[in-house]
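Novice: Build the complex from these two chains, which are given one at a time in their own frames, with help from the hints.
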Amino acid sequence: MRAALALLLLFMAGSPLSAQAFDLGKLLEERINQELEKRDKSRQQQSAPAQAAPAQPAPAGAQSAAASPPPARQKVDAAQIGFALFGDYSLEEENRIGRQIAGNLLGAARLVPDAALQRYVNEVGQWVAQHSGRPELSWRFGVLDSDAINAFAAPGGYIFVTRGLYRLLNSEAELAGVLGHEIAHVTQKHHLKLLKQSSLIGALGQAASNKVKDSDPAIQNLIGNGAEIMARGLDKEAEFEADRIGMVYAARAGYDPWGLPNVLQDMAALPAKDSRTSLLYKTHPHPADRLSALGAAVGDRMDNVRGKELSGRFYRLP
Amino acid sequence: MKNNVLTASTLALCLLAGTAAATPGTVLRDEKLYSQPSASAPAAASVSKGANITVLAKQGGWLRVTSGRTTGWIRLLSVRVGGGGLASVGVGDVVGAATTRSDPSKVVAVAGLRGLNDEELKGAQFNAEELARLDAMAVSQAQARSFAAAGGLASAQIRFLPKPQSSQPATSWEDN
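Line by line, the protein sequences give chains A and B.
Position one of the first sequence corresponds to residue 1 (the numbering used here), numbered consecutively onward.
Position one of the second sequence corresponds to residue 1 (the numbering used here), numbered consecutively onward.
Only chain B is shown next, with the shape it has when bound in the complex (with noise of 0.2 Å):
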């Protein structure tokens, strides 16, 4: 793996930009690599939980990527895309912290940002002129309808996901 710190740093640029192109990232359950983006294609290796692996590519929910000496497709869902590694955020804190210092443009605390915290949010006061905007744009379901036509979507028949044996998440972060 590369450097942790040029990585983070270029990394959101990187995915903002919708390339897959070499970036690093973690296996988040023990999985397999398939010779191509489909489970009836053989295998062409094991990987580990914690495994890291540079992504190389991007196909629907396949990733194409590089274990060791081995290149091969793994679901997109096994995978964490980037330089967080199974840590949690609060680990993760030494990648944030690195990326400021090394890259000034990248301090994301900015004077004028205007953000949305629970202060705020607590403090606001009902806003009758905006809600009434809100409620002059709504979309009738006809025109919803003539909307997905016009793209070419159609309703499909999909079964509800079943809530997993155990969930069991790929990092501890309990204080959030």
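Same shape as in the complex, but just chain A (with noise of 0.2 Å):
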């Protein structure tokens, strides 16, 4: 894929700048059909075990061409592709794509239905924010009502975290590192990245012009199905990361650092059957892991950090 997309860039880099702006849509309709071309035929080349068990993370983009049938032959929107394409997403293209992915994941799993709740999150998640180096952003929580045990971030200041994990939780500064997390992926623009190096394929892909009221089909489009981004993951490192840099934020806001180490402590002690756990551990490295490598990264760096746990303070669930 990257490849390909060095290609096209040079393809495109050679064309005279006044050409570039009428000729872009067919031009990149011709590479990516012979692109996908290539593909089917790798694909019918290869054999299905090798398919099944990739001894390494594949890059995003490989994994949903694997995961999904060869991708009807839509027209392309080449305003899309391009802005996929041509340097960072602007913040109101960052905010549209957040919006949408949080319309869809709330079209899979509504708000708890507890105001109280709601705006405690909040709360707690919107002074987190502002030690994050984006204040700017319209931070928005919320706590989904599902009993699956996970979190969300989308791009643009979107944070859902599960009942499921909420109830897991002992103090706000567990929250706070929860909620530090996921902003971090935010703050990072982790699926952005991701969307980037599969927007190419996502343009292209099956899915379906979505009539839904205030709903924004050319988003949709290139984020794929509903919210199909929030089942698909992000690489170990951006996990890792956020992990690092979530701490960090929670600490920042005055909290006990230790309040993310004792969720994934938790997490870890959990049956490994346990179904509400089964698309976390789809889309997270294990727990465990996750401690061995934040332990690597905070050793005695934290030793002198003081912040509050305020456990008494912390709203449950009733």
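Derived from the structure by calculation, the hints contain no laboratory data.
Please note that a few of the clues may not be correct.
[What the hints assert, rightly or not] Pairs of lysine-lysine residues, derived as DSBU-like cross-links and limited to a Cα-Cα distance of at most 30 Å, are as follows:
id, chain 1, residue 1, chain 2, residue 2
1, B, 32, A, 236
2, B, 32, B, 49
3, A, 236, B, 58
4, A, 273, A, 236
5, A, 308, B, 32
6, B, 122, A, 189
7, B, 122, A, 196
8, B, 163, A, 196
9, A, 189, A, 308
10, B, 122, A, 213
11, B, 58, A, 308
12, A, 282, B, 49
13, A, 193, A, 282
14, B, 163, A, 189
15, A, 273, B, 58
16, A, 273, B, 122
17, A, 196, A, 282
18, A, 196, A, 236
19, B, 32, B, 163
20, A, 193, B, 122
21, A, 282, A, 236
22, A, 236, B, 49
23, A, 193, A, 236
24, A, 189, A, 236
25, B, 163, A, 193
26, A, 213, A, 196
27, A, 308, B, 163
28, B, 163, A, 282
29, B, 163, B, 58
30, A, 236, B, 122
31, B, 58, B, 32
32, A, 236, B, 163
33, A, 273, B, 49
34, A, 282, B, 122
Since we're looking at a predicted model, the values are computed, not measured.
Specialist: See the structure below:
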């Protein structure tokens, strides 16, 4: 995929600027069709077991290509692909992408109907986010009505934890640690980077033209089906990085830095076959690996950090 | 170490209750046991990666543990609390299965459990009403500041953590 992108950019750099805007759509379409044909061929050649168990985490694009049937030949939206290829997403684009993902996620699980809970999580989250280096985002936090144990972040500052994960928590510092991890995914733009890697495939993918109220069809086309981007997961390094950064965000906000490590300990102790963690474990490294990686980074660096646990103020679910 | 089956079934309850009393644990890296919860305290002993310990108490970023005949304090992040050992989930399945057998109340794949799996995410339809509810509950920066002040939270200067040189994982977990 990377080679294809490089080729593509090279190709376009060669064309005169004036003609570029004009021919971009056609040019991209040709290149993409070539790529798709190549992939179809290589897929036929590959044996099934080799695909089922990749030795190394494959790039997101390759994963989705392997998982979904050959994409239907849709008309390529050049503007859409262009904005995925050139430079960074603007703040407005980031917000549009995040809003679409968040709206889809809320289609899979609604918010817990408890206004006091939702307000509390927004207060803690907004305070931690003020220490994240991107305080300008419109941060929104929600507890999803699901027994699954998981948390989600979408670009633009949308953060969700499930009721199942919330129930595992024992203090405000632990909540701050979990939210810090998710906030770090947003500040590091992990999902935007994932989208950039897979955007060529996503744009051609099978995303049904979505006629749902207030849904953004162009963005939906970019992110694939529903909220599947949330089920795809990031690479391990992105998760380890979010642990390191999330722990620091919570500590900068004045919380006990050991909130996130304590939650990881509790998750590591859950029975392996617990169905509530099946998606979490599919998309995240095992908590024991996360503890180990975080421990290697922390060492003695937090020894003199004193923060508050605030277990007394923690909002407990009825 | 005690019977695996017993500890695994009681462990989650112990942890949820916030008690670290006499739960098993595994050392994740070669470490020292200190006589006090501080790296400036004298080291009581050394423990090796993979060693089984018993967790007695918790204090901040430290655990008070027993390893063999020695008791001392070890860093929280150098231990995996619980019966999972260094094993990945794949290997840990044995524990999960045993738990299910020994205690029917711990069967977790219960019908009616509202999960959130990839199929549900993939098929999700944009929900504008819930998104509007989410927007309506957002908190302003000023509100967050007064919330923090009410809890006695003060911003602190803390440096980012460096990426470790070799992030050698404790377990291999390639499939996931």
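Novice: Can the restraint linking residue 32 of chain B and residue 236 of chain A be considered satisfied, given a maximum Cα separation of 30 Å?
Specialist: Since the Cα atoms of residue 32 of chain B and residue 236 of chain A sit roughly 28 Å apart, the hinted pair holds (cutoff 30 Å).
Novice: Taking only the CA atoms, is the gap from residue 196 of chain A to residue 236 of chain A under or equal to 30 Å?
Specialist: holds (18 Å)
Novice: Would you check the hint for residue 163 of chain B and residue 189 of chain A, treating anything up to 30 Å between C-alpha atoms as holding?
Specialist: Roughly 17 Å separates the two Cα atoms, so the pair holds.
Novice: Holds or violated: residue 273 of chain A and residue 58 of chain B, Cα atoms, limit 30 Å.
Specialist: holds (27 Å)
Novice: Do the alpha carbons of residue 32 of chain B and residue 49 of chain B lie within 30 Å of each other, as the hint requires?
Specialist: holds (11 Å)
Novice: Is the straight-line distance between the alpha-carbon of residue 213 of chain A and that of residue 196 of chain A 30 Å or less?
Specialist: At roughly 26 Å apart (the allowed maximum being 30 Å), residue 196 of chain A and residue 213 of chain A satisfy the hint.
Novice: When you check the alpha-carbon spacing of residue 163 of chain B and residue 193 of chain A, does it fall within 30 Å?
Specialist: Since the Cα atoms of residue 163 of chain B and residue 193 of chain A sit roughly 19 Å apart, the hinted pair holds (cutoff 30 Å).
Novice: Straight-line Cα separation of residue 308 of chain A and residue 163 of chain B no greater than 30 Å?
Specialist: Given that 30 Å is the threshold and the Cα spacing comes to 26 Å, the pair holds.
Novice: CA of residue 236 of chain A to CA of residue 49 of chain B, is that 30 Å or under?
Specialist: holds (22 Å)
Novice: Take the C-alpha atoms of residue 273 of chain A and residue 236 of chain A, compute the straight-line distance between them, and say whether it is at most 30 Å.
Specialist: With a Cα-Cα distance of about 21 Å, the restraint between residue 273 of chain A and residue 236 of chain A holds, given a limit of 30 Å.
Novice: Does residue 236 of chain A pair with residue 122 of chain B here, judged by a C-alpha cut-off of 30 Å?
Specialist: holds (22 Å)
Novice: For the pair we were handed, residue 236 of chain A and residue 58 of chain B, check the Cα-Cα distance against 30 Å.
Specialist: holds (29 Å)
Checked against the numbered hints listed earlier, the structure breaks none of them; every hint is satisfied.
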